[in-house]
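Chain D: place on chain U using the hints.
Just so you know, the protein sequences line up as chains U and D, in that order.
Counting along the first sequence from 1, when you hit position 64 you're at 64 in the working numbering, and nothing is skipped either side.
Counting along the second sequence from 1, when you hit position 190 you're at 190 in the working numbering, and nothing is skipped either side.
Derived by calculation from the structure, the hints in this document are not laboratory data.
Since the structure is predicted, the reported quantities are computational estimates derived from the model, not experimental observations.
Hints are supplied without guarantee of correctness; some may be wrong.
Intra- or inter-copy, both count: the list cannot distinguish identical chains.
[Unchecked claim] Cut-off 27 Å, straight-line C-alpha distance, at most; resulting in silico cross-link-like pairs (DSSO-like, lysine-lysine):
1. 101 / 114
2. 117 / 30
3. 101 / 117
4. 117 / 152
5. 23 / 114
6. 101 / 33
7. 101 / 193
8. 193 / 23
9. 193 / 33
10. 152 / 23
11. 114 / 152
Below are the chains, spelled out letter by letter.
2 protein chains.
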Amino acid sequence: MRILHHIPLSPYSRKVRLVLNEKRLPFELKVEKLAERRPEYLALNPANTVPMLVEENGLSIPDSAVICEYLEEAYPDTPLLGRTLAERVEVRRLVAWFDGKFAAEVTRNLVHEKIIKRLVGRGNPDATALRAGYANIAGHLEYIGWLAETRKWLAGPTLSLADFAAAAQLSSLDYIGDVDWSLSPTTRDWYAKIKSRPSFRAILNDRVIGLNPPPHYADLDF
Amino acid sequence: MRILHHIPLSPYSRKVRLVLNEKRLPFELKVEKLAERRPEYLALNPANTVPMLVEENGLSIPDSAVICEYLEEAYPDTPLLGRTLAERVEVRRLVAWFDGKFAAEVTRNLVHEKIIKRLVGRGNPDATALRAGYANIAGHLEYIGWLAETRKWLAGPTLSLADFAAAAQLSSLDYIGDVDWSLSPTTRDWYAKIKSRPSFRAILNDRVIGLNPPPHYADLDF
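Excised from the complex, chain U in its bound form (with noise of 0.2 Å):
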């Protein structure tokens, strides 16, 4: 069986969920503890990160991006990265974007600071972080407003990895209730169409254990 190593609000490990549930991949979830740095991971991923995608053939995959551009070449029906060469450029344009901007400028500060850092064993939040990631989130949220409101997708016309990307930021934001969905309607129009779909389910099934999201975080009329 495909095993994904992951950590269950990483919100990269999520994106890779959510490709792997659109395309239709059976895929077996483990949770990496990535404090302990066991040898025989480190091994397979040296950069000692999740998530990890380990293919039946033995093929080990490390980093969010490099597992999406190799699911998308091995598993081309269902293409997620667009069309033409225009398109692609979009699409890897705003995954870019989230992966780095919005994740720097937000998820880090908080998702990271309130709960991964205590996962990994790294300590307790700095209320510096804590202040920028809500002062930088508003900006953030208008944006994927604009972008949702002057396309049927994020990226363009069709669902892409860009809607994924954004929308696994997002989900694990919102399940330490820090997204202020009423700041942008668009966006909230946006990710309840994102989450009603069938490969977001398994995410919103997840409990991280002492941590319950708030009522909203599984509703799909939120």
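Chain D in isolation, oriented as in the chain U frame:
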């Protein structure tokens, strides 16, 4: 004419220059003063980063990873991502390693702190960052040496984007004299091979105003 917006010591800009040269795609360089946050630039690249490539047909492509994927699809001659799925995973894994981990642990702590902060008007180097950069580079040189010793090129039997990603980071560090090549003779031998390629020449001729590189920087037999 194709235009690459860049800053001279940005390793990501250098990576794209190397790829464009290897693929024999002519381009014009324009230095982008990111601190000015030019509205025309932000309209094309709201992340306000370099490099950004603008094709003759007007297509603008920000983010070095997005640019490299685009160039591979648009100009498949001289392929740089490997042929088989497994090769492509390994090339992209290493590119992510150098663009992400190496850059965060080494280049950002040294080149960014010493030079790029000054160029973009963000103040003086942070001593803690400098110490971390010097402490981290040794392990990375060793890892590159191990790759170069066990393989013909860093990702396997063929020259790939992984070599250019690594060489781009190292060339920026070498410009400011921060690579102690005696730490890993295998890494030096591999770098000498890359540095001798015609695609590298323009980078070796780069000069940043007010900062001269050490004498060995442009020397092919350093």
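Taking the hints in turn, this is what the structure says about them:
no.	hint	result
1	101 / 114	both (19 Å within a copy, 23 Å between copies)
2	117 / 30	within (19 Å within a copy, 41 Å between copies)
3	101 / 117	both (20 Å within a copy, 18 Å between copies)
4	117 / 152	neither (36 Å within a copy, 39 Å between copies)
5	23 / 114	neither (32 Å within a copy, 45 Å between copies)
6	101 / 33	both (26 Å within a copy, 19 Å between copies)
7	101 / 193	within (24 Å within a copy, 35 Å between copies)
8	193 / 23	within (18 Å within a copy, 42 Å between copies)
9	193 / 33	neither (33 Å within a copy, 40 Å between copies)
10	152 / 23	within (21 Å within a copy, 35 Å between copies)
11	114 / 152	neither (34 Å within a copy, 44 Å between copies)
When each numbered hint is compared with the structure, violations occur for hints 4, 5, 9, 11.
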